[in-house]
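A.B. asks: These are the residues of each chain, in order.
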Amino acid sequence: MMSYKTLVGLEIHVELMTERKMFCNCKNEFGAMPNTNVCPVCLGLPGALPVMDKEAVEYAIMAGLAFNCEIEKTIIMDRKSYFYPDLTKGYQISQSDFPLCKGGFLEIDLDEGPKKIRLERIHIEEDTGKQIHTENGTTLLDFNRSGVPLIEIVTKPDINSSEEARLFLEKLKNTIKYLGVSDVKMEEGSLRCDVNINVIDEERNIRTNISEIKNLNSFKSVVKAIEYEQKRHIEALENGSNTDKETRRFNELTGETILMRKKFQASDYRYQFEADLTPIEIKEEWINEIRTAMPELPDQKKRRFMKDYKLNEYDASILTQSKELSFFYEELTDLVNDAKLAANWVMTDVLRRLKEEDKELSQLNLTPKALAELLDYVKSGKVNNNTAKKVLREMLETGESAKNIIDKQGLIQINDEEELSRVIDEVIKDNQQSVEDFKNGKDRALGYLMGQIMKKTKGKANPNTANKMLIDKINKN
Amino acid sequence: MISKEEVKNIAEIAKLKFGEDELEAFTEKFSLVLDFVHNINKVDTEGIEPCYGISEENGFFKELEEEQTLDREEVLKNTTESEYGYFKILKVVE
Amino acid sequence: MDITNLKAWEIREKILNKEISSYEVTEQFLEKIDEVEDEINAFITIDADRALDEAKKVDEKIAQGIEIGILAGLPVAVKDNIMTKNLRTTCASKMLEKYIPPYNATVVEKIKKEDGIIIGKTNMDEFAMGGSTETSYFGITRNPRNKSIVPGGSSGGSAAAIAANEAALSLGTDTGGSIRQPASYCGVVGIKPTYGLVSRFGVVPMSNSLDQVGVFGKDVKDAYLALKSIAGFDPHDATSSKRAKLEELNFDEVSLKGLKIALPKEYDELRVKGDEKIRVVFENSIRVFERNGAKIEYVSLPYLKYALETYYLISTAEVSTNLSRFDGIRYGHRAFEYKTLDELYINSRTEGFGEETKRRIMMGTYALSQGYKDEHYKKALKIRTLIKNDYDRIFKDYDVILSITSPILPFPFDSVINSPVDMYKADTYTVPVNLAGLCAISVPMGEVDSLPVGLQITANRFNEKTLFTAAYGYERSANDEL
Ligand SMILES: [Mg+2]
Ligand SMILES: [Zn+2]
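Residue numbers (my numbering), protein chains in the order written: chain A, 36 to 512; chain B, 656 to 749; chain C, 15 to 496.
Since the hints were derived computationally from the structure, they do not count as laboratory data. Remember, predicted model here, so these are calculated numbers, not experimental data. Some clues are possibly wrong.
Chain C stretches covered by chain A per the calculated footprint, using a threshold of three residues with CB under 8 angstroms from any CB of chain A [as the list claims (entries may be wrong)]:
no., segment
1, 212-226
2, 344-357
One side only, chain C facing chain B, incomplete, derived with CB under 10 angstroms [said to hold, decoys possible]:
no., residue
3, 265
4, 280
5, 379
Every beta carbon over 12 angstroms from chain A, so not counted as near; a handful from chain B, in silico [stated by the list, open to error]:
no., residue
6, 659
7, 670
8, 675
9, 679
10, 684
11, 693
12, 696
13, 699
14, 709
15, 723
16, 724
17, 734
18, 737
19, 741
All C-beta atoms, glycine included, are put in the ideal place defined by N, C-alpha and C.
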C-alpha cells in the first residue's frame, strides 16, 4: 500500500437559496405540487427566453470570495447540450470557458496540520426537473425544480483519502451555511456530489484511468465509494492491468460501485455560447459590496472566539464547526456572561445530546435563552451541577423552562448550614460503621456517606459545603 | 470529406435517424457543404475575439415581478400523456 | 370599394375618421382570404371569429371616444413561429402540428395593445429554414404575382398575405434574409430591424443570435407603422436593447439630399450567375438616389467574402441547440412506438422534423462537436467580429449601404432547392446584415421578366430613422419619376 497514492477530485452541486429561479420569476421553493411552480421559461416552451437572476450571481460570487477564488470580469453563459427527460431544453444553461469563479482553495484540518485543497473553478448553472420511476413501468416528470440556480464547485485532485474528502465536504458545507446562500441539505438534494478518482503507483509511475462516481447523496456514501474505488483501482494495478475511463454509480445497499457507461460513449456536450444572454460586466464595486456584506466565515470566527472568549484552539474549532452551534454559543455567552461556563455546557451536554440523537441543533428543543436561565442557577450556586444536568435533560424532553422544573421539584440547592447540619447528623447517627471505616483510613466510606446525604436531600445539598461539614463533624466526634 | 460512419455518429448525437439511402445522399450533400464552409480557413483570426453577442450594451438582470406561473392544466395541455399532474413517458431507466 | 387594396395607413385613417368600421375592414379581409386562399395558401391558421370579435371591441372604443392604439383596428397576419396564446402555433412543422401556446409573444401583446387585429398565422419554411416556403408541413405558398413561382421565404406566407391583400400588415422573422427576400419576391416592403430593437420573447428561435422580428407592408409608411407598434425594450428578452425605440419621422420632410451612400466593392466579386438583368434595375435605382442629391461612393468590406460560410456555421450551430427542446415529452410530436429513451427521442424527432430542418441540425451538431468546434464554430464567431468591425468602420462615414436584395429572380417551385450551396448563395446580400446586427429594408425597385425585384438599403444599428428616410425618399422619387 505504501507506494500507492489516491487522487480524488470532487464536483459538488449546491442549490442556491435565491428568492426566484435563475432565469424566470417562478419562486425558488421546495415541495410544491408537481408542475405547479413552472412557467414558459423554466418549462422550456418554444419561444421562451431566459433572463439572469441577480441574486444567484451575487450568491455565487459570495461563495467564490469565501473560497478565495478570482472572480471573472464578465458573466458569459454557455449551452451544455445533452438529451435527458428531466432537462427541458435539450441543453442546460451553464458555463464552460468563463466560470464565474476561478482557482481558490479550502483548508482542512488534519492531524499533521492544515492542508489546502485547491479549487479548479466554481460556475453557475440551472438545475433540472425530477424523474419518478413508478412500479407499473412509467416515468413521471415534475419540473418544479427546473431552473433553480446551482453552483458547481470543482476541486483539483488534491484529496488523497476518504477521510480528507469527508473533512473537505464538512468544511465546505459549513462554510456555505455560514454564507447563507444554501441550506445544503443532502436529503433534499440541495447539495449533491460526484467523485473523480484514480490511483498512482508512485514507484512504477503508472496511474489508473479516472472513474467518475455520480450522484452521491450522503457524506457516508462519498466515503464508502472512495474506499471501494480505491481498492478496485489498487487491485487493478496489482494485477498488472488498469481500470477503464468510465462513469459509475454507487449502490448504497451493497456498498459497491456499478458501471453506468464507458467514457468514450459519454456525450459530447457541444458547449456553445448562450446568445440569449447578453454578457453582463461584473464591476469591481459590486464585488466589493458583496464582500462587505459577507457574513463572518468559520475560520474568522474561530480566531475571534480564541481572542474574545479566551478559548483554546480545540474548543474554538468545535464551537465553530457549524453555523448554528457558533451562533448558539455566542448568544448563550452573551446572556450568561461567562464564556468558559457556556463553552463547557455546549461542548459537553449539548453536543453529546446531538450525537446521541443524531440531530441538528435546530431540531433540539433548546434555545440559548432557555439554557442561559439554567446556567444562571448554576453560576449563582442555587442549583448544583449534577442537578442542573438532570434539569437540562428534562427541559429537552418536556420543553419546560429551567425555572418551572426547579420550582416544581424544589431543586434549589441547600446551602443553609443549619439544615445541612441536621441531615449530616442523622446520616452520621445511622451509619456509625461507615464513620468508623473512614476514621480508619477507608476513604471510600466518605463517598458512601455523601451519597446518603444527597439521597436525603434529593441531591440538593451543596456538595462542597456538605462535604466540608461532614469531615468536620466526624473529626470532632 | 466526411464518411458515412461519421454522419451516422452525428445523427446519434442529434437524436435523428436516416435510412441507408438517405444516409448515402446525405453524406454527399454534407461533403459539398463542408467544402464550401472550409473556405473560412483562409481567414487569419489570430488575436481576434469571438463575437459574444452583437450588442455593445452591457447585459441586464431580471426584473423582479410577479411570477408568470402557469395553471397545471395549461402546463400539461400539449403533452401526449400525463398522470397525477406529472408528464408521463414509458419507463426508460438506463 | 375594395378596402383591401389600400395601404394600411390609408385604411387606418378611414377607420379613425369613421368612414369605415374595423369590423367591416376585418370582414373584407376575411372575404379576400376566402376568395384567394385556396390558391395562395398564405395562412396555416385563420382566426376569423376572434378577429371579428376583437374588431367589434375596437369599434366600440372608437365610438366611445376612448384613445386608440396606432394599429387602430387593422388586420395583422402573424408568422406561425410567433406565439399566440390559445391560437395554434406550428412553425410549419409536423412537430408542432397541434401546439396551442399558453402565452403570447411580446410582439403579439404589443399588437393587441395598439389595437391591431390578429387575423391568422402565416405559412413559412419549417422552423424558418429555407428561402421559398416550400419546406412547410402545411403545403407551399404561391407568389400572388405569379402562381407558378415561390413567394420566397422563410416568411413567404407573411409576404404573400400582403401582396394578395389578405392582411393590412404582417409580421415575419429574419435570420439571414427571411423577411427581405420574400418582400423582394412578392413586390412588397419588408424590414429587418436592428438586433435588439424588437423583442424575441415568444418567438421560436431558429438562430437566436441572428433572428429578429420584422414587418411587411405595401409601402414604406406601412412598414414604419407596423414596426413602430412592435419596437421597444423588453425586460423578458435579455438581448433586447435599452435603446430600442423607433424614432418619430415626419415623412413630409424626408429628403435624399446629402445622404451618404456606400456601395461595397466586394459585391462585384460575389456576383451570382444570371443576375445581369437585376443589376440593370439596380443601377437605375442608384441613379434615382443620385438625381435626388445623394452622394455615392465605392467602399471596401473585405470580410464580406466570408459572410455566407460564417453565417452558415453560426446559424446551424444555433439551430441544432434551439431545436433540441423538441423531444416529444412536454409538447410536440411524440412517436407512438418507443422501447428505450433513445427511441423516444430519435423516433419523435425523425418523424416530427422535415428534411431541411434535419439537415441543418446535423450540420450544426457537426460544427459544435468535439474536435471540430474550434475550426468551425469558434472560428466563425471570430470572423463575425471581423465582419462587424468592417461595417462599424463604413458607418462612421456613410449613412446607408445599397445593394440588391436577392441576386436571383423569384424561382419556380422545385427548382433551386436541390442544390443547397446555390440556395445559400442567394442569401449573399442579406446574410451579412444579420451577422452584424444591422437594420435593412427591401423596397420594390422594378421588375425583371415581369417579376418583382427588391432594393436593399442597410443602415447602422439603431439607425432605423435613416433607413426609413432613405427608403421613403427613394420610394417617393421613384414613383414621381414613373
Ligand atoms: Mg454541472
Ligand atoms: Zn419559471
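A.B. asks: Give a verdict on every hint.
C.D. replies: Cross-check of the supplied hints:
1. 212-226: holds (count 8)
2. 344-357: That given contact holds, which follows from 3 residues of the segment 344-357 of chain C lying within Cβ reach (below 8 angstroms) of chain A.
3. 265: violated (29 angstroms)
4. 280: violated (14 angstroms)
5. 379: Hint holds; residue 379 of chain C Cβ to chain B Cβ min 4 angstroms, cut 10 angstroms.
6. 659: holds (19 angstroms)
7. 670: violated (6 angstroms)
8. 675: Consistent with the label, residue 675 of chain B stays out of reach of chain A, its closest Cβ about 23 angstroms off (over 12 angstroms).
9. 679: Holds, because the least Cβ-Cβ distance between residue 679 of chain B and chain A comes to about 24 angstroms, which exceeds 12 angstroms.
10. 684: holds (21 angstroms)
11. 693: Holds: least Cβ distance 20 angstroms, greater than 12 angstroms.
12. 696: Consistent with the label, residue 696 of chain B stays out of reach of chain A, its closest Cβ about 20 angstroms off (over 12 angstroms).
13. 699: The claim stands: residue 699 of chain B keeps its Cβ more than 12 angstroms from every Cβ of chain A (closest is about 22 angstroms).
14. 709: violated (9 angstroms)
15. 723: violated (4 angstroms)
16. 724: violated (5 angstroms)
17. 734: For residue 734 of chain B, whose nearest Cβ neighbour in chain A is about 9 angstroms away, the distance does not exceed 12 angstroms, so it is violated.
18. 737: violated (9 angstroms)
19. 741: Since the minimum Cβ distance to chain A is about 4 angstroms, residue 741 of chain B lies within 12 angstroms and the statement is violated.
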